[in-house]
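A.B. asks: Chain by chain, the residues:
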Amino acid sequence: MATLHLVRKSAFNSQELLQCCQVLTSLDILILIDDGCYNLNHDLLADIKEIISVKHIKVIKHHAAARGQYVPKDIERISMSDLVSLTFETENVITWQ
Amino acid sequence: MATLHLVRKSAFNSQELLQCCQVLTSLDILILIDDGCYNLNHDLLADIKEIISVKHIKVIKHHAAARGQYVPKDIERISMSDLVSLTFETENVITWQ
Amino acid sequence: MANKVLAILNSKAPYSSTFGKDSLDIALIFGSYEQGVSLFFQGEGVFQLIPNQDGQQLSMKDYLKTFSAFEFYDIEDIYVCLESLQERKLSNAFHIEKVNILPAKEFAAKLKQHDCILRF
Amino acid sequence: MANKVLAILNSKAPYSSTFGKDSLDIALIFGSYEQGVSLFFQGEGVFQLIPNQDGQQLSMKDYLKTFSAFEFYDIEDIYVCLESLQERKLSNAFHIEKVNILPAKEFAAKLKQHDCILRF
Amino acid sequence: MNKLAVIITSPPSSNLSVTAIEYVEAALAMQIDIVGVFFYQDGVMHANSYVDIPSDEYQANAKWLTLKNKFKLPLHLCATAASKRGLCIDETIKPDSQLSNIDNAFAVSGLGELVELTNYADRVVQF
Amino acid sequence: MNKLAVIITSPPSSNLSVTAIEYVEAALAMQIDIVGVFFYQDGVMHANSYVDIPSDEYQANAKWLTLKNKFKLPLHLCATAASKRGLCIDETIKPDSQLSNIDNAFAVSGLGELVELTNYADRVVQF
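Protein chains in written order, with our numbering: chain F, 1 to 97; chain E, 1 to 97; chain G, 1 to 120; chain H, 1 to 120; chain V, 1 to 127; chain Z, 1 to 127.
Since the hints were made in silico from the structure, they are not lab data. Possibly wrong hints are sitting among the right ones.
Unchecked claim - Derived DSS-like pairs: lysine-lysine, alpha-carbon spacing no greater than 27 Å straight-line:
1) Lys55(E) to Lys4(G)
2) Lys49(E) to Lys89(G)
3) Lys72(V) to Lys110(G)
4) Lys49(E) to Lys110(H)
5) Lys63(Z) to Lys110(H)
6) Lys55(E) to Lys110(H)
7) Lys3(V) to Lys72(V)
8) Lys3(V) to Lys61(H)
9) Lys98(H) to Lys110(H)
10) Lys55(F) to Lys89(H)
11) Lys61(H) to Lys70(V)
12) Lys4(H) to Lys72(Z)
13) Lys61(E) to Lys63(Z)
14) Lys68(V) to Lys61(H)
15) Lys55(E) to Lys105(H)
16) Lys49(F) to Lys61(F)
17) Lys112(H) to Lys3(Z)
18) Lys61(F) to Lys89(H)
19) Lys55(F) to Lys112(G)
20) Lys4(G) to Lys105(G)
21) Lys112(G) to Lys3(V)
22) Lys4(H) to Lys3(Z)
23) Lys49(F) to Lys73(F)
24) Lys65(G) to Lys61(E)
25) Lys72(V) to Lys65(H)
26) Lys61(G) to Lys63(Z)
27) Lys61(G) to Lys70(Z)
28) Lys112(H) to Lys55(E)
29) Lys89(G) to Lys61(E)
30) Lys61(F) to Lys63(V)
31) Lys72(V) to Lys4(G)
32) Lys49(E) to Lys105(H)
33) Lys61(E) to Lys49(E)
34) Lys61(G) to Lys61(E)
These figures come from a predicted structure and were not determined experimentally.
Bound conformation, chain F alone (with noise of 0.2 Å):
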């Protein structure tokens, strides 16, 4: 069972992040989007690449753009379509706002 999982907080203001850490699993697919993008930076980040691949996180291209942060290489930026594609590619969604 894998879920997407939207963050659409800065984990350096709200706990959000650390919630969406505390129930991931390895098969889950992590999105970063609206000031989620923030996160980024966060050193939460690192923890997470623990519990899922890299290639299991994403940012929504266009947000993490307008909020000038840098994507590191390893990260892949989708745009939209490419989230409405993976809400059917998993079995639920949580989104954490």
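Mind docking chains E, G, H, V and Z on chain F? Use the hints.
C.D. replies: Frame of chain F, contents of chains E, G, H, V and Z only:
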């Protein structure tokens, strides 16, 4: 110059108390109000006691009681009228919400 | 056709926002339609379960009292995250009965069994 | 009679909420009334100052561009909390000029000199 | 065919709503069957015809009307959430009357509609 | 005499508004001179006469009317914030007309009013 700080949020889920702590100086007064009452049991309160006297930490009595929060004996429980008085006994106010 | 089973993940403290009440309304509707619904409490959401609360002191209608009607609505799967309790130095005393405390890993496993997960 | 001097403490990231824009509107009104106004950035608020942002990609009118008009409105006291930058691993590059980086203690001292402090 | 239900809880003044609308537009462009969009909490403000956003800013409310007209997208408004936020849920006032401030693209519903959508959809996404 | 200005940014559906109103009531009872209450951001919803909260819940909007009538408390509404949130800031519609949803206890103002209040008050408190 004493500032009155109204902390309305829980430090377990947001940075308001930490940010308040960053700008707190020795004569300031800290009021735990609304969800700020949950901070009665947060570790950050110990750091705050090193900056201001525990006499300068107060909690809105019915806000803590409504939330089932135990108030240690050394922390004064105040009413809304007390809060109004404190507003004019200090030089300015910051609402952390 | 099997009915979908809903999980509601409660993440907000009870009084300052309407999230807890908005979440409860959904749980009760699903219950009254005889649709499976499980409740999960994590982070600040655990404050919805602690004892000795009294929203009336805040001039509110205290929706937490309605939690005692869960059994009537066949809402029996109630889970709270152990780590969230520990972070807040909370005991296992709750204002309703039959709350299951689960470590994050088991909490996650239960949560992910649901077809639909809403978070409030 | 001396005019009151306003400090605005900005604490939210720029795009997902309207706080940054709502705060800016107040700053510009005070500026246009020739009332003293100082701007402080702390916590997530520091993201309002970083370079290479582009709200248009979010289909927004990018209010951050208006920050370049601060000098025109005689808004010259702009302070950012050093600790907030460090927590977020941010450098001292900003999209406007003349931003003063202050350690928390000095940031606090400047802030508390104001008669009225609003936080957004 | 993949069936999707969407729940909107962010107000139109927030950029979070732009994200939701872009997601819905992308799904429609991919022929996903959106069985309904349910507006709850502050999301109900999307149905308020009195909302007046400056013309050079994003017009979330108008976007929903366009999507409704082009794709027959079902838009459901939670009546309880709406009446708490100044939408005129008065059954004696018709949606097309001058006195109603509810856009007539929206169907006034209850949470029962959310039960239906959840049962019918393969995925439910909250924005 | 101590002069106080209050800024309200929380919506009536939130218990944070109860706190604000209790604070204002306490100040009035202590003969504090409240030079004005300024409603901004989601606070403008307090002026929406269409807001309909169940009768057994706290009636924030009605509380403001009572305070206004009893103490001549000046209530100022930020027009820009209000029009974005579905209040009918149309100068061709009078506040007492059936078409306006702004409670006539509230004066429609701009941010300039906030400058005045800040200048005139000894303390400004934000809720």
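A.B. asks: Hint by hint, note whether the structure agrees.
C.D. replies: Verification of the supplied hints:
1. Of the supplied pair hints, the one linking Lys55(E) and Lys4(G) is violated, its CA atoms being roughly 55 Å apart against a limit of 27 Å.
2. A C-alpha spacing of about 19 Å is found between Lys49(E) and Lys89(G), which places the hinted pair at or below 27 Å, so the restraint holds.
3. Restraint check for Lys72(V) and Lys110(G): the C-alpha separation of about 37 Å exceeds 27 Å, so the hint is violated.
4. Of the pairs offered as hints, the one joining Lys49(E) and Lys110(H) holds, with about 22 Å between alpha carbons and a cut-off of 27 Å not exceeded.
5. For the proposed pair Lys63(Z) and Lys110(H), the alpha carbon gap of about 38 Å is over 27 Å, so the pair is violated.
6. A C-alpha spacing of about 25 Å is found between Lys55(E) and Lys110(H), which places the hinted pair at or below 27 Å, so the restraint holds.
7. A distance of roughly 15 Å separates the Cα atoms of Lys3(V) and Lys72(V); the hinted pair therefore holds under the 27 Å criterion.
8. Under the criterion of a C-alpha separation no larger than 27 Å, the hint pairing Lys3(V) with Lys61(H) is inconsistent with the structure, at around 34 Å.
9. Proposed proximity of Lys98(H) and Lys110(H) is supported: the alpha carbons are some 16 Å apart, at most 27 Å.
10. At roughly 24 Å between alpha-carbon atoms, Lys55(F) and Lys89(H) fall within 27 Å of each other, so this suggested pair holds.
11. A distance of roughly 26 Å separates the Cα atoms of Lys61(H) and Lys70(V); the hinted pair therefore holds under the 27 Å criterion.
12. A distance of roughly 25 Å separates the Cα atoms of Lys4(H) and Lys72(Z); the hinted pair therefore holds under the 27 Å criterion.
13. Between the alpha carbons of Lys61(E) and Lys63(Z) the distance comes to roughly 22 Å, so the proposed pair stays at or under 27 Å and holds.
14. With a C-alpha separation of about 25 Å, the suggested pairing of Lys68(V) with Lys61(H) holds against the 27 Å cut-off.
15. Pair hint Lys55(E) plus Lys105(H) holds up; C-alpha atoms about 22 Å apart against a cutoff of 27 Å.
16. Distance check on the hinted pair: Lys49(F) and Lys61(F) sit about 20 Å apart at the alpha-carbon level, within 27 Å; holds.
17. Taken as a hint, the Lys112(H) and Lys3(Z) pair is honoured in the structure, with Cα atoms around 20 Å apart against an allowance of 27 Å.
18. This hinted pair checks out: Lys61(F) and Lys89(H) have alpha carbons roughly 21 Å apart, not beyond 27 Å.
19. Pair hint Lys55(F) plus Lys112(G) holds up; C-alpha atoms about 21 Å apart against a cutoff of 27 Å.
20. Between Lys4(G) and Lys105(G) the alpha-carbon distance is near 23 Å, which keeps this suggested pair within the 27 Å criterion.
21. With a C-alpha separation of about 20 Å, the suggested pairing of Lys112(G) with Lys3(V) holds against the 27 Å cut-off.
22. For the hint pairing Lys4(H) with Lys3(Z), the CA-to-CA distance comes to about 13 Å; that is within 27 Å, so the pair holds.
23. Among the hinted pairs, Lys49(F) with Lys73(F) is consistent with the structure: their alpha-carbon atoms are about 14 Å apart, no more than 27 Å.
24. For the hint linking Lys65(G) to Lys61(E), the alpha-carbon distance of about 21 Å falls within 27 Å, and the restraint holds.
25. Distance hint between Lys72(V) and Lys65(H) is unfulfilled; the C-alpha atoms sit about 38 Å from each other, more than 27 Å.
26. Restraint check for Lys61(G) and Lys63(Z): satisfied, since their Cα atoms lie roughly 16 Å apart, inside the 27 Å limit.
27. About 26 Å separates the Cα atoms of Lys61(G) and Lys70(Z), which keeps this hinted pair within 27 Å; it holds.
28. For the given pair, Lys112(H) sits about 21 Å from Lys55(E) by alpha-carbon distance, which is consistent with the 27 Å threshold.
29. Pair hint Lys89(G) plus Lys61(E) holds up; C-alpha atoms about 21 Å apart against a cutoff of 27 Å.
30. Straight-line distance between C-alpha atoms of Lys61(F) and Lys63(V) comes to about 22 Å, which keeps the hinted pair within the 27 Å bound.
31. As the CA atoms of Lys72(V) and Lys4(G) are separated by approximately 25 Å, the hinted pair is consistent with the 27 Å bound.
32. This hinted pair checks out: Lys49(E) and Lys105(H) have alpha carbons roughly 17 Å apart, not beyond 27 Å.
33. A threshold of 27 Å between alpha carbons decides the hint, and for Lys61(E) with Lys49(E) the separation of about 20 Å falls inside it, so the pair holds.
34. Of the supplied pair hints, the one linking Lys61(G) and Lys61(E) holds, its CA atoms being roughly 19 Å apart against a limit of 27 Å.
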